[in-house]
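A.B. asks: Residue strings, one per chain:
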Amino acid sequence: MESAEQIRERILAGVPGADISVLPNPAPSAQHSILLGPGRAREIAIFLRDAPGLKLDLCSNATGVDWPQHGYLEVVYHLYSVELKHGPVVIRQRTANRGDAVTLPSLTPVWRSCEFQEREIFDLFGVVFDGHPDLRRLLMWDEFKDHPMRKDYVEPDDFEWEPTPHGDVLAKARGHYPAAVPKEGPAP
Amino acid sequence: MSEPEPPKAAPTDADRAELRRHGVLLTSMDELCAWGRSHSVWPLQFGLACCAIEMIAASMARFDIARFGSEVFRASPRQADLLIVSGTVTKKMAPAVVRLWNQMPDPKYCIAMGACAISGGPFKQGYNVLKGIDRYVPVDIYIPGCPPRPEALLHGLMRLQERIRERAVDGAGRVTGAAAAECPVPEYGGHDLEPPQNPGLWQPPVLVRKDGA
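As given, the protein sequences belong to chains Z and W, one line each in that order. Its first residue numbered 1, the first sequence is counted upward by one per residue in the numbering used here. Its first residue numbered 1, the second sequence is counted upward by one per residue in the numbering used here.
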């Protein structure tokens, strides 16, 4: 398998002027990824799928990452080649922000296996995929308004508190349960 | 119109054992019917998660739920007497479960099988899991376990049979003292199910903190 840098060179040769960069992964796995800039992601994806020597014909996984500290949402795709038996190649896309500009080009027209995964990302992270054939919520119901996998999501506070909470749970439980009223007289 | 009669205190299994010792097998038509109903509890063929696998195991030869007359898993709620909520009830699934319960004819019974159906279990802090089916449906028997073994399900079924024999059924075929036959089906809301529970059935427990803060 070629390195991420080599694949970047290939993409630049195949799609001239593509806005791409390599994101190094300092972890021992050293699974570096390729960040696709806005605009020509679909074109680059088709190139990755069809270019001889790459033939990344399978998108095995697509998932989302919320980066509130950087102010964007990220979508990660893992690509393999069944024909040439290599992979994975990791590509990423980033939204402009986490509020109103969360639209990214859908890669479902390139890899059909992204369809449900992109619906899941739309459901749980709130990334809107432009060009997706059937963009609906996948796991939550249609009337649901939140995006539960975002880090600032506040879940409904509806579970039964344990009687002896501690730590963060104690801090939350303080808002729910009254403290014991001190009994008159000596304790039993 | 006369006042409805207060429910008669039905004999317990201990009373029946005492009567049997004296050679009395059946005392009334009600008793005969209750005996028959308690040994033909037809469950709804309905599974939600891993507890359903144990339920299936209970129906197979090794554990053989047919010994208790409950092997007839019905594919339609209209023919079922028993709703075994076997597994995690997600909030998306909860209205469907309540609707199934509403479609079952009286007299009907509900078993909450496993930690998830009782309280949400390991997923109780999750945003998408209902924290116990008893928030929407009146539960007769709770079977703890994660998942409970088939023996536990059979034990729960035996306890349910005891309850069926102890509780009379009124003229409309309803279990005396049972909650309303129709439970309101929750709506899908913007952030949670609405209402989050049926207040007539379930209220959050009042716990008191120990810390005094």
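Rather than coming from a laboratory, the hints here were simulated on the basis of the structure. Idealized CB from N, CA, C, for every residue including glycine. Treat the hints loosely; a few may be bogus.
[What the hints assert, rightly or not] Here are the computed distance ranges between Cβ atoms for each label pair:
#: 1; chain 1: Z; residue 1: Gln31; chain 2: W; residue 2: Met93; range: 57 to 63 Å
#: 2; chain 1: Z; residue 1: Arg174; chain 2: W; residue 2: Gly177; range: 37 to 43 Å
#: 3; chain 1: W; residue 1: Met60; chain 2: Z; residue 2: Pro156; range: 56 to 62 Å
#: 4; chain 1: Z; residue 1: Ser21; chain 2: W; residue 2: Val206; range: 53 to 59 Å
#: 5; chain 1: Z; residue 1: Val65; chain 2: W; residue 2: Glu194; range: 29 to 35 Å
#: 6; chain 1: W; residue 1: Pro195; chain 2: Z; residue 2: Lys172; range: 41 to 47 Å
#: 7; chain 1: W; residue 1: Val206; chain 2: Z; residue 2: Thr63; range: 38 to 44 Å
#: 8; chain 1: Z; residue 1: Gly167; chain 2: W; residue 2: Val206; range: 21 to 27 Å
#: 9; chain 1: Z; residue 1: Leu170; chain 2: W; residue 2: Ala17; range: 46 to 52 Å
#: 10; chain 1: Z; residue 1: Gly53; chain 2: W; residue 2: Glu194; range: 38 to 44 Å
#: 11; chain 1: W; residue 1: Met60; chain 2: Z; residue 2: Gln31; range: 43 to 49 Å
#: 12; chain 1: Z; residue 1: Pro26; chain 2: W; residue 2: Gln103; range: 36 to 42 Å
#: 13; chain 1: Z; residue 1: Pro156; chain 2: W; residue 2: Pro144; range: 21 to 27 Å
[What the hints assert, rightly or not] The list that follows gives simulated cross-link-like pairs (lysine to aspartate or glutamate, EDC-like), each with its CA atoms no further than 16 Å apart:
#: 14; chain 1: W; residue 1: Lys124; chain 2: Z; residue 2: Asp157
#: 15; chain 1: W; residue 1: Lys92; chain 2: Z; residue 2: Asp142
#: 16; chain 1: W; residue 1: Lys124; chain 2: Z; residue 2: Asp142
#: 17; chain 1: W; residue 1: Lys124; chain 2: Z; residue 2: Asp158
#: 18; chain 1: Z; residue 1: Lys145; chain 2: W; residue 2: Asp170
#: 19; chain 1: Z; residue 1: Lys145; chain 2: Z; residue 2: Asp130
#: 20; chain 1: Z; residue 1: Lys85; chain 2: Z; residue 2: Asp142
[To be verified] The following residues of chain W were derived to be distant from chain Z, with all beta-carbon distances above 10 Å:
#: 21; residue: Thr12
#: 22; residue: Ser40
#: 23; residue: Asp170
#: 24; residue: Asp192
A.B. asks: Each hint needs a verdict: does it hold in this structure or not?
C.D. replies: How the hints compare with the structure:
| no. | hint | verdict |
| --- | --- | --- |
| 1 | Gln31(Z) - Met93(W): 57 to 63 Å | violated, 37 Å |
| 2 | Arg174(Z) - Gly177(W): 37 to 43 Å | holds, 38 Å |
| 3 | Met60(W) - Pro156(Z): 56 to 62 Å | violated, 39 Å |
| 4 | Ser21(Z) - Val206(W): 53 to 59 Å | holds, 57 Å |
| 5 | Val65(Z) - Glu194(W): 29 to 35 Å | holds, 31 Å |
| 6 | Pro195(W) - Lys172(Z): 41 to 47 Å | violated, 22 Å |
| 7 | Val206(W) - Thr63(Z): 38 to 44 Å | holds, 42 Å |
| 8 | Gly167(Z) - Val206(W): 21 to 27 Å | holds, 23 Å |
| 9 | Leu170(Z) - Ala17(W): 46 to 52 Å | holds, 50 Å |
| 10 | Gly53(Z) - Glu194(W): 38 to 44 Å | violated, 55 Å |
| 11 | Met60(W) - Gln31(Z): 43 to 49 Å | holds, 45 Å |
| 12 | Pro26(Z) - Gln103(W): 36 to 42 Å | violated, 58 Å |
| 13 | Pro156(Z) - Pro144(W): 21 to 27 Å | holds, 25 Å |
| 14 | Lys124(W) - Asp157(Z) | holds, 10 Å |
| 15 | Lys92(W) - Asp142(Z) | holds, 10 Å |
| 16 | Lys124(W) - Asp142(Z) | violated, 23 Å |
| 17 | Lys124(W) - Asp158(Z) | holds, 9 Å |
| 18 | Lys145(Z) - Asp170(W) | violated, 45 Å |
| 19 | Lys145(Z) - Asp130(Z) | violated, 19 Å |
| 20 | Lys85(Z) - Asp142(Z) | violated, 39 Å |
| 21 | Thr12 | holds, 32 Å |
| 22 | Ser40 | holds, 36 Å |
| 23 | Asp170 | holds, 33 Å |
| 24 | Asp192 | violated, 4 Å |
Checked against the numbered hints above, the structure violates hints 1, 3, 6, 10, 12, 16, 18, 19, 20 and 24; every other hint is satisfied.
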